[in-house]
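Chains as they are written, first to last, in the working numbering: chain D, 1 to 302; chain Z, 303 to 667; chain V, 668 to 941.
If you are wondering where the hints come from, they were derived from the structure by calculation, not from laboratory data.
Nothing here was measured: the structure is a model prediction, and the numbers come from that model.
Be careful, since some hints might not be right.
As the list claims (entries may be wrong) - With the Cβ distance kept under 7 Å, some of the chain D side facing chain V (calculated, not the full set):
1. W4
2. P18
3. W21
4. Y36
5. I85
6. A125
7. V156
8. L157
9. G239
10. R267
Just so you know, even glycine gets a beta-carbon here, dropped at the ideal spot from N, CA and C.
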Amino acid sequence: MENWRNNKIAFFILSMPPTAWLMIFFTLPLAIMWVYSFADRGPQGQIELAINFDNYIRAVEWIHLGIIWKSIWTAAIATAITFAIGFPLAMGIAFAPPQWKNPLLLMVILPFWTNLLIRTYAWIAVLRTRGFLNFGLEWVHDKINAFFALFGLTDVLGQFEALELLYSHNAVVIGLVYVYLPFLVLPIYATLEKLDKSYLEASLDLGAGHWRTLFSITFPLALPGIISGCLLAFILSMGTFLTPDLLGGTDSEMIGNLIARQFTSSRDWPFGSALSFLLLYFTFIVLWVRATMSDRNSGPVK
Amino acid sequence: MPDTDKTIISVQDVTKRFGTTVTAVDNVNLEIKEGEFFALLGPSGCGKTTLLRMIAGFETLTEGAILIDGDDVSSVEPTHRPVNMVFQSYAVFPHMTVEENVGYGLRVVGTPKAEIDNRVKEAIDLVRLSGLEQRKPNKLSGGQQQRVALARALVKKPKVLLLDEPLSALDAKLREAMQLELVRLQENVGITFIIVTHDQKEALSMANRIAVMGDGKILQIASPKTLYEYPSSSFVADFIGQVNLFDVTEQGVAHGELTLTVDELGAMVLPGVDTNRTYHKLALRPEKIGVAREKPSEIGLVAIPAKLVEDSYIGDQSHLYFETPGGKSLSASVQNRDRDDHHLNKRGEQMWLYWHPAHFQPLSD
Amino acid sequence: MSRRRLNVNPLDYSRKLWMRCAMGFTFFFLYFPIVALIIFSFNDSKRNITWRGFTLKYYEKAFNNNQLHEAFANSLLIAGISTLTATVLGAMLGLALYRFRFPMQGPYEGIVHLPIVIPEICLAVAMVAFFATVEVPLGLVTITVSHIAFSIPFVAVVVRARMAGFNRALEEASADLGASQWQTFWNITFPYMKPGIVAGALLAFTLSLDDFVITFFTSGPGSTTFPIKIYSMVRFSVTPEVNAASTVLIVITLALTTLALWVQSKSQRNESNA
Numbered sequence: 001m002e003n004w005r006n007n008k009i010a011f012f013i014l015s016m017p018p019t020a021w022l023m024i025f026f027t028l029p030l031a032i033m034w035v036y037s038f039a040d041r042g043p044q045g046q047i048e049l050a051i052n053f054d055n056y057i058r059a060v061e062w063i064h065l066g067i068i069w070k071s072i073w074t075a076a077i078a079t080a081i082t083f084a085i086g087f088p089l090a091m092g093i094a095f096a097p098p099q100w101k102n103p104l105l106l107m108v109i110l111p112f113w114t115n116l117l118i119r120t121y122a123w124i125a126v127l128r129t130r131g132f133l134n135f136g137l138e139w140v141h142d143k144i145n146a147f148f149a150l151f152g153l154t155d156v157l158g159q160f161e162a163l164e165l166l167y168s169h170n171a172v173v174i175g176l177v178y179v180y181l182p183f184l185v186l187p188i189y190a191t192l193e194k195l196d197k198s199y200l201e202a203s204l205d206l207g208a209g210h211w212r213t214l215f216s217i218t219f220p221l222a223l224p225g226i227i228s229g230c231l232l233a234f235i236l237s238m239g240t241f242l243t244p245d246l247l248g249g250t251d252s253e254m255i256g257n258l259i260a261r262q263f264t265s266s267r268d269w270p271f272g273s274a275l276s277f278l279l280l281y282f283t284f285i286v287l288w289v290r291a292t293m294s295d296r297n298s299g300p301v302k
Numbered sequence: 303m304p305d306t307d308k309t310i311i312s313v314q315d316v317t318k319r320f321g322t323t324v325t326a327v328d329n330v331n332l333e334i335k336e337g338e339f340f341a342l343l344g345p346s347g348c349g350k351t352t353l354l355r356m357i358a359g360f361e362t363l364t365e366g367a368i369l370i371d372g373d374d375v376s377s378v379e380p381t382h383r384p385v386n387m388v389f390q391s392y393a394v395f396p397h398m399t400v401e402e403n404v405g406y407g408l409r410v411v412g413t414p415k416a417e418i419d420n421r422v423k424e425a426i427d428l429v430r431l432s433g434l435e436q437r438k439p440n441k442l443s444g445g446q447q448q449r450v451a452l453a454r455a456l457v458k459k460p461k462v463l464l465l466d467e468p469l470s471a472l473d474a475k476l477r478e479a480m481q482l483e484l485v486r487l488q489e490n491v492g493i494t495f496i497i498v499t500h501d502q503k504e505a506l507s508m509a510n511r512i513a514v515m516g517d518g519k520i521l522q523i524a525s526p527k528t529l530y531e532y533p534s535s536s537f538v539a540d541f542i543g544q545v546n547l548f549d550v551t552e553q554g555v556a557h558g559e560l561t562l563t564v565d566e567l568g569a570m571v572l573p574g575v576d577t578n579r580t581y582h583k584l585a586l587r588p589e590k591i592g593v594a595r596e597k598p599s600e601i602g603l604v605a606i607p608a609k610l611v612e613d614s615y616i617g618d619q620s621h622l623y624f625e626t627p628g629g630k631s632l633s634a635s636v637q638n639r640d641r642d643d644h645h646l647n648k649r650g651e652q653m654w655l656y657w658h659p660a661h662f663q664p665l666s667d
Numbered sequence: 668m669s670r671r672r673l674n675v676n677p678l679d680y681s682r683k684l685w686m687r688c689a690m691g692f693t694f695f696f697l698y699f700p701i702v703a704l705i706i707f708s709f710n711d712s713k714r715n716i717t718w719r720g721f722t723l724k725y726y727e728k729a730f731n732n733n734q735l736h737e738a739f740a741n742s743l744l745i746a747g748i749s750t751l752t753a754t755v756l757g758a759m760l761g762l763a764l765y766r767f768r769f770p771m772q773g774p775y776e777g778i779v780h781l782p783i784v785i786p787e788i789c790l791a792v793a794m795v796a797f798f799a800t801v802e803v804p805l806g807l808v809t810i811t812v813s814h815i816a817f818s819i820p821f822v823a824v825v826v827r828a829r830m831a832g833f834n835r836a837l838e839e840a841s842a843d844l845g846a847s848q849w850q851t852f853w854n855i856t857f858p859y860m861k862p863g864i865v866a867g868a869l870l871a872f873t874l875s876l877d878d879f880v881i882t883f884f885t886s887g888p889g890s891t892t893f894p895i896k897i898y899s900m901v902r903f904s905v906t907p908e909v910n911a912a913s914t915v916l917i918v919i920t921l922a923l924t925t926l927a928l929w930v931q932s933k934s935q936r937n938e939s940n941a
């Protein structure tokens, strides 16, 4: 790294054009939205500039607070489930033979390269009433009935009733887990991969079993990666728009959808701007926590 | 020295293959007695660490069996083996204090709290870490972490303590101090120690018995003295210390004693050596060679004129490199007993080298 | 001891049955929806989820759908222009960040990397507010401008990561041998950057082609892109035609990403051989 003063011309030639673009087409839009968040909505949905906190106050009104709370709750549940299936996967890859690690990692990342919209759409075909999941369940159901019929017991489980999975809160959670799994697996994998395996061997050697080693040694030492991965999955889930939009029902709206609605059907841009900034602030806080955590915990990993 | 003749570890026909091509440990047999300080010595990649890890249970055996105190442990997880290990990287848990580290192995098996406290204190005293109980490992020096690793293993009262290159990460001065300390510790606790090392000096100074390994096989098991003075092969002779090797050109028996002929030296009688084997080489340690200006007059000595081609002064000793008229290189090491003694020899000077033929070690390979 | 002989080392978790079951389940979860989507794009049945035989007629239908054609052309146009601009600007940014130490560097880096981390919906509505304020009608231009904005930091990160392995002594050697700063850049620095730039460009292209949320909000009448077209079809129902169109997009994206990975690994191999 050299000091910019030593080569001012090169520094300005390189940094000015991208900075200008980002200032005009990224920072300025955010700034405008920030100004709008203090404005009033006119009767036809136009914006009347003002300086008041009405929009922010409205955001914490009961009806909106419910949606915000539901967003946090949904994101938290999705993160917990993602962790429950993502941690064993990360561990399996980290402890796989060296020649298998990269192919397995690639297999985790591959779905993540396909279009978000398509990945979410794919779940509609799985979850809908006449979808793959109900189809499979019906098959199992019929087989069980047929099995008991061999003993003369007819209709033990009764008529198959398809589960109404799509357009529900559960569908949103499944969709979030599916979409953000790689984001959680990769940081955890990276930490486990760097972890000196002697720590785990020492624990086994000292008489601890595999579960004890997992909880007393592996978890604490992989904590930076676990926190990093979970917080990432959490903020991504928090800010989601498409998943509840496609998979959720009327009561599955999350904060992203609430924001979108203010800019489309409700035409209340100032309120949407305020909500948008609340989500941004929340994101920044989580990212900040993540950064400080990883700084503090950078010790044990060799 | 070993107190009893009881075998504590028995390695029987053990082979370890990685994949189909790499044989890390090749049909090894080994008996280690209770109370021994045993060393596995060899160059890197010779299979010594793999063998140690198989005893600890971290590597499965491809063939053979390992018995600890009479029990076949080949199918026992490391968790349940009555041996404990000191790792090369120490593997002192970074998120636990010294005290928590040492107590870990007792806590996980549900030892009562009062007993844990007593034994942890005892172990910390034993390795002289008192006062540092509440420290985290990142506030400890390498030598102190080493002691934590030792205390953590010893507190379990294992039947055997396994040490994987325990001193390789310490600097030279500390390493020597720790060598002495490990020997003292082993004598105190009376537990069998098995140490893996590639440092021949470390093995010689610490162990009662040493197994030299090369290429997955055990080449010789003997006491340090036997290993150095009576190596069984040129590999062992060369790996442990410096050695001059002479090619044997003719072998015969005269008056019931072995005679071997070597170029430039002629036929030599080696009393007390097995005459039924064939020998190809004679080994001679550099410090067994005397250096003089005049041909020594004593009868029965081997003497050969040689030109000094190189000398290296290393403080207590000088290593002198000679060339015989026949073109053979020989090295001799002499103690620098007088301050200015080493100036005696100038490069290119013709000298006499002499030694007693009994110092020759005949080798069959 | 009557225990069975161990044939798996204690830490070979990936070779334990329960771990294999868990990994198998997760990979099934990851792949089943996409694989089913692709397979059923070839299914000769309009509604049913049972297999009725192989057909390409939904691909034919998709290829003959003029609206899809137009949407695809729009997507390519946007992705092309966005990639070109974002790659140049992103590479400059990446190089500047790699090269220089300057005041307020921390906050500056935080701000220029923001588009990567902030929720897409926030960026989308901010762009809507911005274009309304400056009175630019929504359409292809506004989509492209937004795509460039969020692609720049991604390209910058890739280029900077590439430059992290660069040996600055090469530039010093070049200067020492009498080359001007400009000559040094084109003869020494730029050739080293190139794989990073190519990878960054492919990433920018994929991001633009795939983007839905920001495109959806910044698009106007007549600026429908491929993902937006798929979205409007999806809203109606699950049809094999949507599956066919989706499969085409999946294949394009995977091909581009594979190409990007190949470029990166090839340049790494070349350097390690040298």
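Hints versus structure:
Annotation: interface hint on W4 of chain D holds; nearest CB of chain V at approximately 4 Å, less than 7 Å. This hint holds: P18 of chain D has a C-beta 4 Å from the nearest C-beta of chain V, less than the 7 Å allowed. Restraint check, W21 of chain D versus chain V: the minimum CB separation of about 6 Å is within 7 Å; hint holds. The interface hint given for Y36 of chain D is met, as the beta carbon of that residue sits about 6 Å from the closest beta carbon of chain V, less than 7 Å.
Given the 7 Å rule on beta carbons, the hint for I85 of chain D holds: about 5 Å separates it from the nearest Cβ of chain V. Interface hint status for A125 of chain D: upheld, as the beta-carbon distance to the closest one in chain V is roughly 5 Å, under 7 Å. Interface hint at V156 of chain D: violated, since its Cβ lies 25 Å from the closest Cβ of chain V, which is beyond the 7 Å cut-off. Against a cut-off of 7 Å between C-beta atoms, the interface hint on L157 of chain D is violated, since the closest Cβ of chain V lies about 22 Å away.
Because the smallest distance between the Cβ of G239 of chain D and any Cβ of chain V comes to about 3 Å, under 7 Å, the interface hint for this residue holds. Proximity of R267 of chain D to chain V is violated relative to the hint, the smallest CB-CB distance being about 11 Å (cut-off 7 Å).
Hint check: violations occur at hints 7, 8, 10; the rest are consistent with the structure.
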